[in-house]
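Enquirer: Using my numbering, you'd call the opening residue of the sequence shown number 1 and step up by one each time.
Because the hints were derived from the structure by calculation, they are not lab data.
Computed from a predicted structure; not experimentally measured.
Worth double-checking, as some hints may not be accurate.
[As the list claims (entries may be wrong)] Computed list of lysine-lysine pairs in DSSO-like fashion (alpha-carbon distance at most 27 Å, straight line):
no., residue 1, residue 2
1, Lys276, Lys292
2, Lys230, Lys401
3, Lys230, Lys250
4, Lys292, Lys228
5, Lys401, Lys228
6, Lys273, Lys294
7, Lys273, Lys537
8, Lys250, Lys228
9, Lys524, Lys537
10, Lys517, Lys273
11, Lys276, Lys517
12, Lys537, Lys462
13, Lys292, Lys230
14, Lys294, Lys250
15, Lys230, Lys294
16, Lys34, Lys462
17, Lys537, Lys517
18, Lys276, Lys294
19, Lys294, Lys228
20, Lys462, Lys517
21, Lys273, Lys292
22, Lys401, Lys250
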Amino acid sequence: MAHHSRAGQTASPADVTDISHLVSSYYTLKPNAKHSAERVSFGTSGHRGCAFSRSFNESHILAIAQAVVDYRQMQGFDGPMYLGFDTHGLSQPAFTSVLQVLAANGVTARVQEGRGFVATPVISHAILNHNRQGGDRADGLILTPSHNPPQDGGIKYNPPHGGPADTDATGFIAERANAYLSDGLSGVQQVSLDVAMASGLIESVDIIGTYVEHLADVIDFDAIRGAKLKIGVDPMGGSGVHTWPRIAAKYNIDIEVVNPVVDAAFAFMPLDKDGKIRMDCSSPFAMTNLLKLKDDFDISIGNDPDFDRHGIVCRDGGLMNPNHYLAVAIDYLLGHRPNWRGDLPVGKTLVSSAIIDRVVASYGRQLMEVPVGFKWFVSGLHQGNLAFGGEESAGASFLDKQGQAFSTDKDGFILGLLAAEVLAVTGQSPAARYRELEQTFGQAFYRRLDAPANDAQKSLLKAMEPEQVQSDTLAGEAIVARLTQAPGNGAAIGGLKVTTENGWFAARPSGTEAIYKIYAESLKSEAHLELLLEDAKALVSAVFEAE
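All chains should be modelled from the sequences, with the hints used to inform the complete structure.
Expert: Written out as structure tokens, the structure is:
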């Protein structure tokens, strides 16, 4: 895919969203529940949309908040609800709307002191920490569209296990919310913000402080401090901007926030590969500002606005490929967490690198390969039965040093700090560590492509059966597996994965665009990867043409 001519260049005024117009549209534009694009739809990371297109407006949030209240009442969740929000322009208005509904329903809301921004993993940890005490059960809502462009808004629900809600929960919430929308919000309880604030139901606590205090349970700060590392962090204008200095002060380590600016328009951002402002810390274009400073620090860390993703920058390797860093993190943790149970499996999504498989096997551990979506790791992490769960899109979490759950949502803080720990303990950067893994396990060549697909074709791909792949070979090698269910948990992939001894591809439809995605990896060569991609497109096209 060709990159935009200005990819990596700072946004121009013409690229920047008018935030005042956006917020006005949140309150003034009303969605039409008869239009599918304007209804509530929960993907792998909650409901996302834009106020301009009537897909994320006040009506949506009021309806979703009431639906969440209905769900938690049905489930018997009687504790407080922890609320977080990031720095997107629509996050604070949506946060206010949620408070109005929760107070009207008699639900206690816990928010950060001073109504400060709170990152996704911090909310996850708060839920877990509360529920470990016994008694009432807490859950949480986070107002964020993650790394999406500035004009987007998002909301996601984390039940008492602290991680992303499963499809049963999100299905109920979406269906109930759409019923409220269709009925003109009849049945949605709401009070004014003044009444909500005077209700005694909104409790200001230091959620971030507790998270920072407990970070020592999961990261070796003594090693980082002893190595006198200089760490650069770019919050990319996100919700952890004020958390990093607290971590530095608490553990007496050298962390410099290279860009402390919070701007809901994110006008300071370099443009991503498609010419849009997108705070994707796995993109070398979006990470241009931090990459320019890589030689100033021993290790550098970037995060997306809700801090559920990580980008690791090394002096001797630049921005690490997310797959490469996952392999390094897993290898290091399995060798440096002596109190972890020896039988704990390691989780990865089925579109993550096969190098991870080889690393895990080298420790005699079981690999748990699941469909795309972090929700598949939540139960294992929550119960302490999964050591690590990671996605190729630069999101992961892992157990604390004693083998207990720390956060059951993706945690960009601990993955970033782990990179510093790796350097401090081993004397090697994560990039150097990966080069050693390549020498042991082979070099991997990985790519993702997007190809056009209409709704009918996307439905065909999602419903594929293994026997529809009639070829016996892929890129010149014998096919060893045709998968439409993930081997780690038997859950439907929502597409297809085909593997050989030295390569694989996976194809799955996009949930939001008229495309399908092909992921492919060769453990032989770039030329072999090209063959994999060509054969993958041909196999999928044959399925489309057969119908």
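Enquirer: Hint numbers the structure violates, sorted upward?
Expert: Result: no hint breaks.
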